[in-house]
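Let's have the full structure, built from the sequences with the hints guiding it.
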Amino acid sequence: MPEKFDVIVVGAGPGGAACANVCAKNGLKVLMVERGEYPGSKNVMGGILYRKQTEEIVPEFWKEAPIERPVVEQRFWMLEKESMVSMGYKGKEWAQEPYNNFTVLRAQFDQWFAQKAVEEGVLLINETVVTECIQEDGKVVGIRTDRPDGDIYADVVVLADGVNSLLAKSLGMRKPMQNEDVALCAMEVLNMPKGKINDRFGLEGNEGCSVEIFGDATKGELGTAFLYTNKDSINIGVGTTLSGMIRSKIKPYELLEYVKNHPMIRPYIHDGESAEYLAHLIPEGGYNAIPKLVGNGVLVIGDAAQLVNAIHREGSNMAMASGKMAAEAIVKAKQNKDFSEVGLDSYRTSIYDSFIGQDLKKYKDLTHTFENNPQYLNEYIPLMNRAASQFFTIDGTPKWDKQAKIMKSMTAGRGKFGVVKDIYQAWKVMK
Amino acid sequence: MHIVVCVKQVPDTKVIKVNPKTNTLDRSSAPAILNPYDAHAVEEAVRLKEQHGGKVTVLSMGPPQAVKAIKKCVEIGADEGVLISDRAFAGADTLATSYALTKAIEKIQKKEPISLVLCGKHAIDGDTGQVGPGIARRMEIPPITNVIKIENVDNKESKVEIRRKIENGYEIIQSQTPCLLTVEKEINEVAYSPMPNMIKAARYEPTVWTVADLDDVDKQQLGMKGSPTIVGKMWPPAKSEGAKLIEGDAKSQVKELVSAVLEKRELFAQKGGK
Numbered sequence: 001m002p003e004k005f006d007v008i009v010v011g012a013g014p015g016g017a018a019c020a021n022v023c024a025k026n027g028l029k030v031l032m033v034e035r036g037e038y039p040g041s042k043n044v045m046g047g048i049l050y051r052k053q054t055e056e057i058v059p060e061f062w063k064e065a066p067i068e069r070p071v072v073e074q075r076f077w078m079l080e081k082e083s084m085v086s087m088g089y090k091g092k093e094w095a096q097e098p099y100n101n102f103t104v105l106r107a108q109f110d111q112w113f114a115q116k117a118v119e120e121g122v123l124l125i126n127e128t129v130v131t132e133c134i135q136e137d138g139k140v141v142g143i144r145t146d147r148p149d150g151d152i153y154a155d156v157v158v159l160a161d162g163v164n165s166l167l168a169k170s171l172g173m174r175k176p177m178q179n180e181d182v183a184l185c186a187m188e189v190l191n192m193p194k195g196k197i198n199d200r201f202g203l204e205g206n207e208g209c210s211v212e213i214f215g216d217a218t219k220g221e222l223g224t225a226f227l228y229t230n231k232d233s234i235n236i237g238v239g240t241t242l243s244g245m246i247r248s249k250i251k252p253y254e255l256l257e258y259v260k261n262h263p264m265i266r267p268y269i270h271d272g273e274s275a276e277y278l279a280h281l282i283p284e285g286g287y288n289a290i291p292k293l294v295g296n297g298v299l300v301i302g303d304a305a306q307l308v309n310a311i312h313r314e315g316s317n318m319a320m321a322s323g324k325m326a327a328e329a330i331v332k333a334k335q336n337k338d339f340s341e342v343g344l345d346s347y348r349t350s351i352y353d354s355f356i357g358q359d360l361k362k363y364k365d366l367t368h369t370f371e372n373n374p375q376y377l378n379e380y381i382p383l384m385n386r387a388a389s390q391f392f393t394i395d396g397t398p399k400w401d402k403q404a405k406i407m408k409s410m411t412a413g414r415g416k417f418g419v420v421k422d423i424y425q426a427w428k429v430m431k
Numbered sequence: 001m002h003i004v005v006c007v008k009q010v011p012d013t014k015v016i017k018v019n020p021k022t023n024t025l026d027r028s029s030a031p032a033i034l035n036p037y038d039a040h041a042v043e044e045a046v047r048l049k050e051q052h053g054g055k056v057t058v059l060s061m062g063p064p065q066a067v068k069a070i071k072k073c074v075e076i077g078a079d080e081g082v083l084i085s086d087r088a089f090a091g092a093d094t095l096a097t098s099y100a101l102t103k104a105i106e107k108i109q110k111k112e113p114i115s116l117v118l119c120g121k122h123a124i125d126g127d128t129g130q131v132g133p134g135i136a137r138r139m140e141i142p143p144i145t146n147v148i149k150i151e152n153v154d155n156k157e158s159k160v161e162i163r164r165k166i167e168n169g170y171e172i173i174q175s176q177t178p179c180l181l182t183v184e185k186e187i188n189e190v191a192y193s194p195m196p197n198m199i200k201a202a203r204y205e206p207t208v209w210t211v212a213d214l215d216d217v218d219k220q221q222l223g224m225k226g227s228p229t230i231v232g233k234m235w236p237p238a239k240s241e242g243a244k245l246i247e248g249d250a251k252s253q254v255k256e257l258v259s260a261v262l263e264k265r266e267l268f269a270q271k272g273g274k
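Chains as they are written, first to last, in UniProt numbering: chain A, 1 to 431; chain B, 1 to 274.
Hints in this document: simulated from the structure, not taken from any laboratory.
No residue lacks a Cβ here, since even glycine has one placed at the ideal position from N, Cα and C.
One should not assume that every hint holds.
[What the hints assert, rightly or not] If you only want the chain B side, here are some residues facing chain A, beta carbon under 7 Å, derived:
{"hint": "1", "residue": "I108"}
{"hint": "2", "residue": "V190"}
{"hint": "3", "residue": "P194"}
{"hint": "4", "residue": "P196"}
{"hint": "5", "residue": "P237"}
If you want it as structure tokens, here you go:
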């Protein structure tokens, strides 16, 4: 008889490792299976790690985790072809404990984070693909792997197998993804000496900066670009919805090249030496795309459960938080010896009651609104740029006249009524 | 039969960078892996054990993190693993390494006699292929290199028949056991490890010995002190230059290529052997 575990976690990313960690801390016997050569070897994200949810798994993690830089400045750039409106916030309080968020390189961070779970007693198996969930009498009772003698059994299987989650699909827990519910992001890591990064971004010591870029970076399609500073490299990337990419016939690598050569971005990254090139899908369907989270003997967490807040580019934190909530539900189920859908249901309610459910609900119509109303990106960002240009250009025109002219140009395209409608609509989906 | 396999953790030379100033390997630039030839040696030992019964013990020398290479061997099917790890071993060349490993094998042997010692052909970071024969010499057992097949194992008569690769074919030789074999990649395909092995390896904690755990050690023969080898100079192989890209459609590309090749007279043997 093959060995039986309390919990099997499929996938050793932030969600899986957090879940395994908390399960093991509570005395459960946990097996975590990872398909990559090591945890993190297959994982991709822009590179921002949030303190709060990480800290809940490993207190004061910044003292030992392989972080790159604490982020002390967040910038937002609204891009036109040859101009931009920029805003942001920089605060020295973010440069000291307990910090706000960090830049990380996933290949290193995930390895460390999974190792913390191993230190709690989790058994980690790498280079192994889980091909299906073993079901008996309508219950998930284990996993089948691609290895000889590869069946393993457990009371609960946690699916943390990422954005595509074939396992959740094959269990019928989620529907196939729609093109507008998923973004394709291409990114590159560019090596650059620390001093040069600090000079270009106006940073001191190990301070980091994150830049979120809207507008022309995605050629008017719904999406964003980003620029994050690591210790001695820069992450630059861009993503748009798959539907947008198909509509505008842009290839992801062409878009990334376009971003890298944009006159507003190029000065920050030029002569960086390309170290890594990555691409990944991001589930951005939001609230309406959340699948069935709980089944008999099975839970879905993180990207596999589509738990990503595309607006605030939060994903890894939601993965970790959902992993923790799943673990807590499993501990409860173990106490009650009930691993059925009902016995594990506290996971579902915790997700919907937490910031994850609340935040995703808040923005639930936002993607579709933007997707169906391209004027937000195509008209208003260029408008902002023109307005700023007019207002700040000293050409002898009185400021009153300038303002009137700007107001007029604001409403020229869509009409006064159209602009009011757009503002109301934007407010409605963001409120 | 008890088989000891000597293995090494090496940087993956497929991705390693060479420091352009010193020409030394920048070991931090590549992940540490089990030397590929050694994986074949472990696989062969495990297959022999499956056929003839017995036990496979893996032995390695290296820094504490080299336990990872031993765990990998347990995935392949090794029963046990020993790492000898001590500051005193650091900086060892092949002479000092073979001495330290021999001392460890002697200790293993005291508990359970050994029928075979297997090694990979060479490590991919140093490419010397000296440690295996060095161990054999010190243990005073026959060294047999470039092994591509272990044909017959006769435990009763303490004999083994081996096929080894030579320049223009192979030779079949018979040896007494114990003996030491260094294996080529052709000897087998490393099997995809079964799940129970993976779980066993994930749990397994290799034995770690320091110098103090070994018996009758002459410390003068260890590490840097015991290493007479001096690396005089190192350089990467010269890059070939003068490559030319032929452009145009397929037809004109072929035409230009053929005439370029025909112009290279040195490529063709001339009459009279000139």
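Do the hints match the structure? See the list:
Contact between I108 (chain B) and chain A, as hinted, is not supported at the beta carbon level, the nearest pair being about 28 Å apart and thus beyond 7 Å. Here the hint on V190 (chain B) is broken, as its CB sits about 13 Å from the closest CB of chain A, past 7 Å. For P194 (chain B), the interface hint holds, since its Cβ comes within 7 Å of a Cβ in chain A; the closest pair sits about 4 Å apart. Because the closest C-beta pair between P196 (chain B) and chain A is about 6 Å apart, less than 7 Å, the hint holds.
The closest approach between the C-beta of P237 (chain B) and any C-beta of chain A is roughly 23 Å, which is over the 7 Å cut-off, so the hint fails.
Taken one by one, the earlier hints fail for this structure at numbers 1, 2 and 5, listed in ascending order.
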